[in-house]
Amino acid sequence: MAVISSSSRASRQHPPIRPRNPLARVPERLLFGVIGFVGVLILWEASVRLGFLKSSLISSPTGVIAAAITDFGNGSIQPHIGTSFLEWLVGFAAALVIAIPLGFALGSFRRAEFLVDPLLAALYATPTVALVPLIILLFGVGIQSKFAVVFLEAWVTLTVSTINGVQAADKRWLDIAQSFRASKWLTFRSVTVPSSIPFIITGIRIAAGRALVGVVVAEFIASNVGLGFYISVNGSFLNASRVMLGILLIGGFGIFVGEMIRRIERRFEAWRPAIN
Amino acid sequence: MTATATMRPVRNPDARRHRTRPGRWFRRHERVVLGSVGVIGLLLIWEIGSRMGLIEDFFFSRPTSIVAAGIKEVQIPRFWNDVRVSGFEFATGYIGAVVLAIPIGLIFGWYRRVSYMADPWLNLLNSLPRVALLPLIALWIGIGIESKIAVVFLGAFFSVVIPTVQGVRTVDRRFLDVAHSFGASQRRLFTSVVLPGTVPFVVTGLRLGIGRGLIGVVVGELYAQTDGLGVIISRASSNLQPDRMFFAILIFTFTGIVGVESLRRVERYFQRWRPVREER
Amino acid sequence: MLTGGLALSAKEIRMEYRDRQTRQELVAIERMDLDIPEGQFVTIVGPSGCGKSTFAKIVNGLLPATHGTVEVRKAANGRDHAMVFQDSSLFPWYSVLSNVAYGLVCQGVSKKEAQERAMPLIRLVGLDGFEQKYPYQLSGGMQQRANLARALTVDPELLIMDEPFAALDAQTRELMQAELLRIWNASNKTVLFITHQIDEAIFLSDRVVVMSARPGRIIADIAIDLPRPRELRVKRTPEFVAYEEKIWNLISIQLTSVGGRTGEAA
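Residue numbers (the working numbering), protein chains in the order written: chain A, 811 to 1086; chain B, 167 to 446; chain C, 81 to 346.
Misleading hints may appear alongside valid ones.
[Stated by the list, open to error] Chain B stretches covered by chain A per the calculated footprint, using a threshold of three residues with CB under 8 Å from any CB of chain A:
{"#": "1", "segment": "234 to 241"}
{"#": "2", "segment": "271 to 284"}
{"#": "3", "segment": "383 to 396"}
To be clear, the hints were calculated from the coordinates, so they are not data collected in a lab. Model, not experiment: these values are computed from the prediction. Positions of the beta carbon are idealized from the N, C-alpha and C atoms, including for glycine.
Sequences are here, hints too, so could you generate the full structure?
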């Protein structure tokens, strides 16, 4: 028959899946995050000082800070930051204003969407940066061409995302609206738009990134102002500190935009259960 | 006042109205038909508009010219050299990225503390357009083919590693419970629950990586022109040859579409255990 | 030590945890003591959130209790216990056969042998012919049968079933209850069954343990004296209804009392 054995479960045999004290979790993530971040900085600085890394190639945290103090101090870097930001903002805002209504329209009218779908798909699949030379040809090397690049990048992504959002509206909710004889406009406002928002926000996130790529590339190729220009010109002057500074500023800008989007997302999605 | 009750048949607005054979065929293949109409329509408008002078062919060229330029181009051996170079840059960078990104993503996702430590820098690098690192890379390794491969690598790497980490982290807790309750070892847990659950995320990452990789090729070649299709674009634009430029651009478009479609198929193969769902 | 004849002995179980949002210390289970003799079918019923699922997880070893001990008898060649989970917890990426064989594979049995040992159980639960299908191709009832087969394959002494039929529609649920009794008769296991459905509890068990609302404790342990084997129509007999009333009264007091709280997940 069965062998009698006992196993006392008060002591764990394998680690608990859920720690009994979730409070301890929060500091851990923060703690290790800070360790990771600061750790890399320290390693970086140390490697340069000890000669493992050449400071002419990669600079050092102190070098970058020094360059920052200089360039912010004498005001030489602000115009670059401002220009890049402006290019991004204007192009992106214009794209938003046009792409979202367009996306709603296309998503709602099936046949119109079929017509345009292959063209949109081709545009989406094309690395838009390949069109940058053409755009510069069209608009010159001034700020207009950058607006155009950003606009194009963002517009394609936003339109596609909005269309996806409209098409993903759950049929259940549409059925409910129909059973209450809601007008097409009311259905649109009360079902389609709210359920598209997550998709639109995802689209905004992707578009923001792609638009930033557009800014940088356009400034690499044909510009004499802007962070992309700042990086590339300092690159050709072999000034690693400024290159790193420019890169960090762009990265910081990306993080900032990402954070803004996350806040907007939270506001718009208060009704959603937290997705784990 | 007496209310008169009216009887109305309940009408289904979507009821099939097409009784004729061609009518029904069109309805079934609506998507393809209309799509083709759209493409052909655009080409026609482009061509005719260009010939009539409405569309400035100085900048935009016209479909027939582009085709002609393309035919001329493929007969030049130099063109195929450029294709090979770009292709090599893409393939090396992409494959290198995937080979590194998947294991790293799995490790970072699995070991909680490691991923916490890496998060800030990963996020920074992810928020940064990888192409912005080009001048830095050029500083390190010059502007030869290695720098292009490096940019492709960076673009594809982050596109793959981040979804992979996400995939490992968001594995459904139910399945972990089940595996634990049957006494699965950590290794078995990983192979039987975490890995299969991560596959969809990884494939998504692979798909995104293609786009980023292509961008890397183009930007790398525009920035530091040596050889490649991107260089064709750049040279064609400075030589005011929009037809050649469009031809080169279309090759990238084509590659992008083919790459993404192939990955969609791979995705479908790895997910045959999923109920079929309509997805764009 | 497990005294003779007991499959499960849980003593002085207490479970506390900290609420994630309010950061309050809450008591899920105040105190539970439960002994189950071999071969008995015992069900725990209680209002929603009373801690019965938590108790099942503690017995299963998935959750550490704040206090108390659990001892489970180990079968000769098998494991001591196996759990049948609530909703479809079959791995969607494995076929039914691979899923059912999973428990054995975890123990180090070769895949081939595990699958051979899984087949008779697949037949027992009535899924013969479906072993190569993927879970999404099965109905809810069939998925739970596979779930059951998976647990039985490891030959446990104690079978823990945590609201396994909760996700099924009413008719399938009744059929599955009858099926479960048939399978239980054929396999001779001890069962700890969790449910909030009173008729289900009475129909299936030798003993029904009633829990209070949170913080949970046992307020009644009722022996069900209906003859076996039982058929579904026993649910309409006056004896059955009498049990139902009794248990329902016990629970409804919990639901309306000041200390009771409803609508929270266990």
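Okay, the hints, checked on the actual structure:
1. With a threshold of 8 Å between beta carbons, the proposed coverage of the segment 234 to 241 of chain B by chain A is violated, since 0 of its residues qualify and at least three are required.
2. Restraint check on the segment 271 to 284 of chain B versus chain A: 4 residues with Cβ-Cβ distances below 8 Å, three needed, restraint holds.
3. Interface restraint, the segment 383 to 396 of chain B with chain A: holds (6 residues with C-beta to C-beta distance below 8 Å; minimum three).
Consistency note: the structure conflicts with earlier hint 1 alone.
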